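S.K.: Taken in order, these protein sequences are the chains called A and P. For the first sequence, the numbering used here begins at 47 and goes up steadily by one. For the second sequence, the numbering used here begins at 235 and goes up steadily by one.
These are calculated hints, taken from the structure and not from any lab test. Any given hint might turn out to be false.
Derived pair list, reagent style EDC-like, types lysine to aspartate or glutamate, alpha-carbon separation capped at 20 Å [to be verified]:
no., chain 1, residue 1, chain 2, residue 2
1, P, LYS292, P, ASP319
2, P, LYS283, A, GLU109
3, P, LYS337, A, GLU133
What the simulated footprint calls covered on chain A by chain P, stretch by stretch (three residues with Cβ under 8 Å from a Cβ of chain P suffice, anywhere in the stretch; the number is not a length) [claimed, not checked]:
no., segment
4, 90-101
5, 154-161
Computed from a prediction, not measured in an experiment: that's the story for all the values here. Note that beta-carbon positions come from the ideal geometry of N, C-alpha and C, so glycine has one too.
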Amino acid sequence: GAVVSQHPSRVICKSGTSVKIECRSLDFQATTMFWYRQFPKQSLMLMATSNEGSKATYEQGVEKDKFLINHASLTLSTLTVTSAHPEDSSFYICSARREGFYNEQFFGPGTRLTVL
Amino acid sequence: AQSVSQHNHHVILSEAASLELGCNYSYGGTVNLFWYVQYPGQHLQLLLKYFSGDPLVKGIKGFEAEFIKSKFSFNLRKPSVQWSDTAEYFCAVNARYGGATNKLIFGTGTLLAVQP
Numbered sequence: 047g048a049v050v051s052q053h054p055s056r057v058i059c060k061s062g063t064s065v066k067i068e069c070r071s072l073d074f075q076a077t078t079m080f081w082y083r084q085f086p087k088q089s090l091m092l093m094a095t096s097n098e099g100s101k102a103t104y105e106q107g108v109e110k111d112k113f114l115i116n117h118a119s120l121t122l123s124t125l126t127v128t129s130a131h132p133e134d135s136s137f138y139i140c141s142a143r144r145e146g147f148y149n150e151q152f153f154g155p156g157t158r159l160t161v162l
Numbered sequence: 235a236q237s238v239s240q241h242n243h244h245v246i247l248s249e250a251a252s253l254e255l256g257c258n259y260s261y262g263g264t265v266n267l268f269w270y271v272q273y274p275g276q277h278l279q280l281l282l283k284y285f286s287g288d289p290l291v292k293g294i295k296g297f298e299a300e301f302i303k304s305k306f307s308f309n310l311r312k313p314s315v316q317w318s319d320t321a322e323y324f325c326a327v328n329a330r331y332g333g334a335t336n337k338l339i340f341g342t343g344t345l346l347a348v349q350p
């Protein structure tokens, strides 16, 4: 149990377009999901905390108008990179916190975004 | 601000060698501590975690870690590594303020290569 999926696993888009990434908890409900960004040879940086039914909480320095997060159900959070630019190219990883598993996060496989 | 340091960025070992990966964090309050592993092409998986109690925790695949509060450390160990342990290892800290908090702060990761 505690499987988290992401879709797509890889996406290439043109500069100026928007890209949506989905994060799903497949076998459990998650009121809280998280979005991370990982640069090559660097650590995971938390971008925002996605809360079901309410606004996401963004980390300092993350533009909320650029990285739109929607957590419309207990099993789905989406991250939309709006007006993508090459510097947005990165590996985006989501995680979900399972209720009852105190402070333990289960991670998705990640989405590789390349902006041309 | 909280931070997590992993001093070994790249470790190369022969099979059957012993492993110790360092992790230090900066936060004076109560913490939860985690080690995650990311095998090539796969998503992050939890190796082990410390919440409270015995500071020596045992995880999957023969890994263990010791929480030394006075040193703000949570080093990962394995007495005899295998080729299949080749992966990237991330230390993470979840600082608790009063009640539960969800934010995980990750170290920069240690890439372990085990030579057969």
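S.K.: Would you mind marking each hint as holding or not holding in the structure?
M.R.: Hints versus structure:
For the hint pairing LYS292 of chain P with ASP319 of chain P, the CA-to-CA distance comes to about 16 Å; that is within 20 Å, so the pair holds. Between LYS283 of chain P and GLU109 of chain A the CA atoms are separated by roughly 32 Å; this puts the pair beyond 20 Å, and the hint is violated. In summary, the hint linking LYS337 of chain P to GLU133 of chain A is not supported, as the alpha carbons are separated by about 25 Å, beyond the 20 Å threshold. Judged by the Cβ-Cβ criterion of 8 Å, the segment 90-101 of chain A is covered by chain P as claimed, because 4 of its residues qualify and three suffice.
Only residues whose beta carbon comes within less than 8 Å of a beta carbon in chain P count, and the segment 154-161 of chain A has 3; three or more means the coverage holds.
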